[in-house]
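Participant: Read off the chains here:
Protein chains: 2
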Amino acid sequence: VIDSLGLSIPIIQAPMAGAGGMALAQAVHAAGGLGSLPCAILSNDDFESTLKTLNGASNAPFNVNFFTHTAKPDDAAAQKRWRSALRSAYDAKGLDSSIDAPSVNRTPFSEYHCEQIEKHPPAVVSFHFGLPEASLIKRVKAVGCQVWSTATTVAEARWLEDHGVDAIIAQGSEAGGHRGLFLDPLTGDEQTSDDIGLIAYQVGTLSLVPQIVDAVSVPVIAAGGIADGRGMAAAMMLGASAVQIGTAYLFSKEATITAMHRQALWTGSAEKTALTNVFSGKPARSAVNDVMRSYGPMSTEVPPFPTAAAALGPLKAAAEAQSSGDYSSLWSGQSAGLAAALVLKHGQADNPPSAQDLTQWIAQDAQAAIAAVAKHS
Amino acid sequence: VIDSLGLSIPIIQAPMAGAGGMALAQAVHAAGGLGSLPCAILSNDDFESTLKTLNGASNAPFNVNFFTHTAKPDDAAAQKRWRSALRSAYDAKGLDSSIDAPSVNRTPFSEYHCEQIEKHPPAVVSFHFGLPEASLIKRVKAVGCQVWSTATTVAEARWLEDHGVDAIIAQGSEAGGHRGLFLDPLTGDEQTSDDIGLIAYQVGTLSLVPQIVDAVSVPVIAAGGIADGRGMAAAMMLGASAVQIGTAYLFSKEATITAMHRQALWTGSAEKTALTNVFSGKPARSAVNDVMRSYGPMSTEVPPFPTAAAALGPLKAAAEAQSSGDYSSLWSGQSAGLAAALVLKHGQADNPPSAQDLTQWIAQDAQAAIAAVAKHS
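Sequences listed follow chains A and B, in order.
Residues in the first sequence are numbered from 1 upward in steps of one, following the working numbering.
Residues in the second sequence are numbered from 378 upward in steps of one, following the working numbering.
Treat the hints as calculated values from the structure; they're not laboratory data.
Don't take each hint at face value.
What the hints assert, rightly or not - DSSO-like cross-link-like pairs, simulated, lysine-lysine; straight-line CA separation at most 30 Å:
1) B:Lys-752 with A:Lys-375
2) B:Lys-496 with B:Lys-470
3) B:Lys-752 with A:Lys-345
4) A:Lys-375 with B:Lys-722
Stated by the list, open to error - Negatives, chain A to chain B, calculated, CB over 12 Å:
5) Pro-61
6) Ser-98
7) Ser-135
8) His-163
9) Ala-371
Glycine included, every Cβ here is placed at the ideal spot set by N, Cα and C.
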């Protein structure tokens with residue numbers, strides 16, 4: 001399945017909403033990896049132009065990624081509770097916590113997206129938080145797209161295989177950004193509660209990947225904590241058919257992140273990221289900042305995904321205007337330090353490398369790690 | 378340093394208090410790995426006879442392991458609060474929650490232990506939760522013992538190297554049993570609080586090992602989630618000098634665990650373990666059972682380590698008398714499923730293999746995994 005994409009390097013660039021678009025995907029593609037376009041926060045116009053650009057690119061393979069959460073109406077009482085918890089932060093910035101903040105747009109995959117994909121089918125359509133309804137999946141597959149989705153547990157992997165996915169992204173707990181979890185780890189039912197205890201169950205990549213490989217017959221893509229050649233080589237040992245890399249690409253010149261975010265990645269360390277729900281309502285890994293320290297990392301006061309982001313909006317805007325990332329999601333996996341070391345090794349700390357170079361460095365270093373260990377064993 | 382032990386297989390058997398003693402350590406030694414003796418819950422007599430037995434074994438290398446927590450006096454108010462939280466469980470079992478339960482003995486490394494080690498020095502003395510005071514470390518090293526300790530963060534690894542350890546066990550979040558954490562991940566100070574948010578920061582093995590390898594110059598032993606040849610091969614790619622394996626040995630005939638514990642390991646899965654503080658007061662990974670579901674997995678009501686275990690004692694005894702592990706710590710890493718698969722592959726589900734066989738199977742499968750990937754790359 002993954003072979004059919006004709007990649008010369010089995011690296012999938014992780015789709016990262018807001019952090020990288022066409023330039024990043026094309027740079028990874030140029031190296032021989034698979035570029036991914038995050039579509040969860042695109043307007044309809046931007047989505048259509050993205051698909052047309054991809055199809056114009058001589059049918060080169062790309063991955064188009066969506067969230068599949070159930071959109072929830074704003075819950076005024078929940079919003080009020082969260083804003084009232086945040087009141088001292090609002091006061092400190094001289095902001096009025098009683099004014100409504102605009103809600104945040106994270107669109108789940110829909111009939112509309114499906115129609116556009118039928119017109120301009122990409123090679124891969126991938127999903128986060130499970131899958132859309134079966135009729136939409138069927139239509140996406142009917143026009144020749146591969147369907148991928150993310151599993152954070154063995155049970156989710158089995159569920160995804162049963163629902164027809166062509167490949168599974170095994171997302172270990174090291175990964176930055178949103179956990180793709182959609183089934184309760186204990187009951188196996190759809191995960192709907194906001195039980196903050198869920199983070200005690202998250203499975204590390206080294207443990208998750210081989211257990212998913214053993215449980216399903218579709219190819220498994222390892223994700224979470226892979227940011228250099230050693231991690232890629234390790235994932236191959238675990239039985240992964242490819243690796244998905246996110247955080248390392250945030251060090252590339254094509255990443256569209258703020259200076260504050262870049263700074264946090266460079267100065268962070270493995271243990272200074274945490275799973276937090278304060279930014280969106282769902283657990284996601286971010287470099288630790290003031291809002292996580294003060295109100296989280298996990299909070300029972302946070303409204304459900306994706307509506308939680310609204311209340312932080314004014315605080316984020318005020319902080320960023322003063323060059324502070326104190327209220328911004330600073331998505332980061334636990335291996336940002338490995339990516340930083342890789343960039344330093346190539347002397348490009350002050351001159352961000354292209355994602356094309358990063359892809360090639362990681363693949364070369366993986367080969368070297370495998371050869372070195374094989375020689376001594 | 379690890380080479381000087383003369384192991385033919387770079388596998389360290391994890392010391393597991395209560396779950397394996399001399400027979401387990403000797404079986405791993407017989408395979409060419411390093412056997413470990415957990416001493417945190419041994420009486421003085423048992424400790425002395427353990428050391429004498431080891432020294433009698435023609436100076437074969439063994440690892441003797443201790444906890445280094447600061448012993449805390451029982452806090453009557455905290456005990457009362459926890460017992461009152463547990464009252465409905467006591468009532469359901471017809472037990473009186475007002476009767477004092479005996480406190481639980483987990484002895485930190487002491488002057489006494491140091492004296493005994495000076496008389497009968499083992500090859501390696503390893504510690505969990507940091508290190509004992511410098512004067513004791515100095516004496517242990519003076520009689521030729523290697524000193525090892527566990528790091529769960531890069532900062533802890535640097536601290537341990539600065540304090541003179543000969544090797545570092547990098548314990549990823551997948552590991553079963555107690556997290557070795559001793560420094561607050563954010564402040565770098567000694568971790569003294571019982572902030573349950575700490576579990577949001579725990580680092581996966583795939584991410585932790587290479588970052589510690591880059592940060593220190595002593596050998597790094599990878600621990601957490603390694604239960605078969607694939608995990609061992611992956612750890613070697615990450616730069617580990619050896620691996621430490623715990624949960625897989627709980628499937629051996631030498632493991633001294635209850636039938637309930639064995640059952641939980643066989644029927645569990647990666648996502649059905651959690652980090653919990655309900656058993657001891659410190660976060661540790663266990664297969665999920667009733668007490669974790671009802672009162673945890675992390676609870677703010679739990680008294681500090683190691684005094685928390687007392688209140689669960691009567692519940693545990695009553696449940697175990699009915700063949701139930703509902704109130705027992707069922708320590709398990711996230712890769713119990715991989716160990717189960719390994720035992721099944723060798724047709725020994727009903728006839729537990731020796732730890733010697735397990736050690737050899739894992740080492741052979743690691744070689745095979747490395748050779749297979751090297752061939753295709």
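Participant: Does each hint hold? Answer for all of them.
Facilitator: Status of the hints after comparison with the structure:
1. B:Lys-752 with A:Lys-375: holds, 12 Å
2. B:Lys-496 with B:Lys-470: Violated, because 48 Å separates the two Cα atoms, which is more than 30 Å.
3. B:Lys-752 with A:Lys-345: holds, 28 Å
4. A:Lys-375 with B:Lys-722: holds, 28 Å
5. Pro-61: Correct as stated: the minimum Cβ-Cβ distance to chain B is 21 Å, above 12 Å.
6. Ser-98: Non-interface label on Ser-98 of chain A holds, nearest chain B Cβ at 29 Å vs cutoff 12 Å.
7. Ser-135: Given a closest Cβ separation of 29 Å, the condition holds.
8. His-163: holds, 18 Å
9. Ala-371: Check fails; 7 Å does not lie beyond 12 Å.
Violated hints, in rising order: 2, 9; the structure is consistent with all others.
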